[in-house]
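Sequences and hints are given; from them, build the entire structure.
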Amino acid sequence: MRAVLQGNESTAAENSTTAAEELQAFLPDMVPPRAIEIGLALVVLVVGWYLSKLAVRIAGRTVARRIERPSVTRTVLRGVRLAVFLWAAGIAAGIIGVGNTEILLSVTVISAVIAIVLAPIAGSLINGLYVLADRPYEIGDMIEVTDAGHRGFVEDITIRYTKIFTLQNTFIVIPNSEIHARDVVNYSAEDERTRVSVGFDITYESDLEAARRAAERAARNVDDVISGGPDIRIGSARYAAAPSCYVDEYGKHGVSLKLLFWMKHPYKQLVVRSAVQDAIGERFADLDVEFAYPHRHHVFDDTSGVARVGVIDSERRAPDAPAEAGDSPADPADR
Numbered sequence: 001m002r003a004v005l006q007g008n009e010s011t012a013a014e015n016s017t018t019a020a021e022e023l024q025a026f027l028p029d030m031v032p033p034r035a036i037e038i039g040l041a042l043v044v045l046v047v048g049w050y051l052s053k054l055a056v057r058i059a060g061r062t063v064a065r066r067i068e069r070p071s072v073t074r075t076v077l078r079g080v081r082l083a084v085f086l087w088a089a090g091i092a093a094g095i096i097g098v099g100n101t102e103i104l105l106s107v108t109v110i111s112a113v114i115a116i117v118l119a120p121i122a123g124s125l126i127n128g129l130y131v132l133a134d135r136p137y138e139i140g141d142m143i144e145v146t147d148a149g150h151r152g153f154v155e156d157i158t159i160r161y162t163k164i165f166t167l168q169n170t171f172i173v174i175p176n177s178e179i180h181a182r183d184v185v186n187y188s189a190e191d192e193r194t195r196v197s198v199g200f201d202i203t204y205e206s207d208l209e210a211a212r213r214a215a216e217r218a219a220r221n222v223d224d225v226i227s228g229g230p231d232i233r234i235g236s237a238r239y240a241a242a243p244s245c246y247v248d249e250y251g252k253h254g255v256s257l258k259l260l261f262w263m264k265h266p267y268k269q270l271v272v273r274s275a276v277q278d279a280i281g282e283r284f285a286d287l288d289v290e291f292a293y294p295h296r297h298h299v300f301d302d303t304s305g306v307a308r309v310g311v312i313d314s315e316r317r318a319p320d321a322p323a324e325a326g327d328s329p330a331d332p333a334d335r
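Sequential numbering of the sequence shown, starting at 1, is according to UniProt numbering.
Because the hints were derived from the structure by calculation, they are not lab data.
Note that this is a predicted model, so its numbers are computed, not measured.
Virtual Cβ for every residue (Gly too), placed ideally from N, Cα, C.
It cannot be assumed that every hint is accurate.
Claimed, not checked - Calculated pairs, EDC-like style, for lysine to aspartate or glutamate (alpha carbon to alpha carbon, straight line, at most 16 Å):
1) Lys258 with Glu209
2) Lys163 with Glu144
3) Lys252 with Asp201
4) Lys268 with Glu192
5) Lys258 with Asp248
6) Lys268 with Glu144
7) Lys258 with Asp302
8) Lys264 with Glu190
9) Lys268 with Asp223
10) Lys264 with Glu192
11) Lys268 with Asp141
12) Lys264 with Asp191
13) Lys252 with Glu205
14) Lys268 with Asp224
15) Lys258 with Glu216
16) Lys264 with Asp231
17) Lys163 with Glu178
18) Lys264 with Asp141
19) Lys264 with Asp201
20) Lys163 with Asp141
21) Lys163 with Glu138
22) Lys264 with Asp223
Said to hold, decoys possible - Computed spacing ranges between beta-carbons, pair by pair:
23) Ala240 with Ala189: 18 to 26 Å
24) Gly149 with Thr303: 48 to 56 Å
25) Asp207 with Asp183: 38 to 46 Å
Right under this line is the structure:
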């Protein structure tokens, strides 16, 4: 196969040289042959550029049908375009007289430069292959880079980098060598339904069962919250699809409750959480339920001792006036 390709390249180069010689006969003698060869080489490169785009258009639908992943499809089409353009570049190199030996030497030198100077890029390319093979996310998925706090939609995946369109309407380009070593949460993997939790505390004097039922009903009436239906399966476990409120802890200031519910889509978690908490607050206002908060009660009884309080009239006494007898307790312990 290689011999056939080399034969085709050499045949194309010979034809181009013959074309250059024929073109020389129609041009004035003042035009050097070298200029004609360079001009033909540029024409071949331009034609190769447009042929590469045409090859992508022709092969695009076939590749997309056989490969389901958009990221792999784009990578394959980029490879097809690069192969066609390199083929045209080889013909152009033959026209200007660059032989196989010069090309091999140039490739060797470039490879040495890449190995020494561009090692990080080579590492990114290798990690890009891992990303494409492991399939941690796909174009269109909503992901979150946990250690950096970036959350958004995957716009593009290449061999070198991953492009993320964030929820703040900005683009983030992360090299594959970095994102491959980070923790990535994929909210759109297979099933977009996402489980969200909301925690709150109520006082010990509140009606616990009424509070739990009210929290569950409040979540059911919020848009994008799954109100019921068959259980949702995750691995070998099954979870109730309807909102459920559980006792999380008996704390120092009240009873800690945790409300768990499922969202249809993971794109507006903050909005849905806020709507659920607003609905809970409205329902608790009509019930014998009170949110708990840190507070203290000071209780004095017979075992607390005796405390004396002295009130100083600031209007009748100057700030520097000496204290009168009886202003402070005589007993040092009381003082």
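(request) For the pair we were handed, Lys264 and Asp223, check the Cα-Cα distance against 16 Å. (result) Roughly 9 Å separates the two Cα atoms, so the pair holds.
(message) Against the 16 Å threshold, does the CA-CA distance of Lys264 and Asp201 hold or violate the hint?
(response) Between Lys264 and Asp201 the Cα gap is close to 27 Å, so the pair fails against 16 Å, i.e. violated.
(request) Return holds or violated for the Cβ distance of Ala240 and Ala189 against the range 18 to 26 Å. (result) The hinted range 18 to 26 Å holds for Ala240 and Ala189, with Cβ atoms some 21 Å apart.
(message) Just to be careful, I want the Cα atoms of Lys163 and Asp141 compared with a cutoff of 16 Å; is the pair within it?
(response) holds, 12 Å
(message) Checking one constraint from the list: CA of Lys264 to CA of Asp191, max 16 Å. Satisfied?
(response) Roughly 9 Å separates the two Cα atoms, so the pair holds.
(message) Tell me if the straight-line CA distance from Lys268 to Glu144 falls inside 16 Å.
(response) Since the Cα atoms of Lys268 and Glu144 sit roughly 14 Å apart, the hinted pair holds (cutoff 16 Å).
(message) So if I understand the rule, the pair passes when the alpha-carbon distance is 16 Å or less; does Lys258 with Asp302 pass?
(response) Distance of about 41 Å is beyond 16 Å: violated.
(request) Compare the distance between the alpha carbons of Lys258 and Asp248 with 16 Å, and conclude whether the hinted pair is satisfied. (result) Holds - the C-alpha atoms of Asp248 and Lys258 are around 6 Å apart, at most 16 Å.
(request) Would you check the hint for Lys264 and Glu190, treating anything up to 16 Å between C-alpha atoms as holding? (result) Given pair Lys264, Glu190 holds - Cα atoms ~13 Å apart, limit 16 Å.
(request) Take the C-alpha atoms of Lys268 and Asp224, compute the straight-line distance between them, and say whether it is at most 16 Å. (result) holds, 9 Å
(request) With a cut-off of 16 Å on the C-alpha distance, tell me whether Lys258 and Glu216 pass. (result) holds, 10 Å
(request) Below or equal to 16 Å on CA atoms is what counts here, so check Lys264 against Asp231. (result) Satisfied, since the Cα-Cα distance of roughly 14 Å is no more than 16 Å.
Checked against the numbered hints above, the structure breaks hints 7 and 19 and satisfies the rest.
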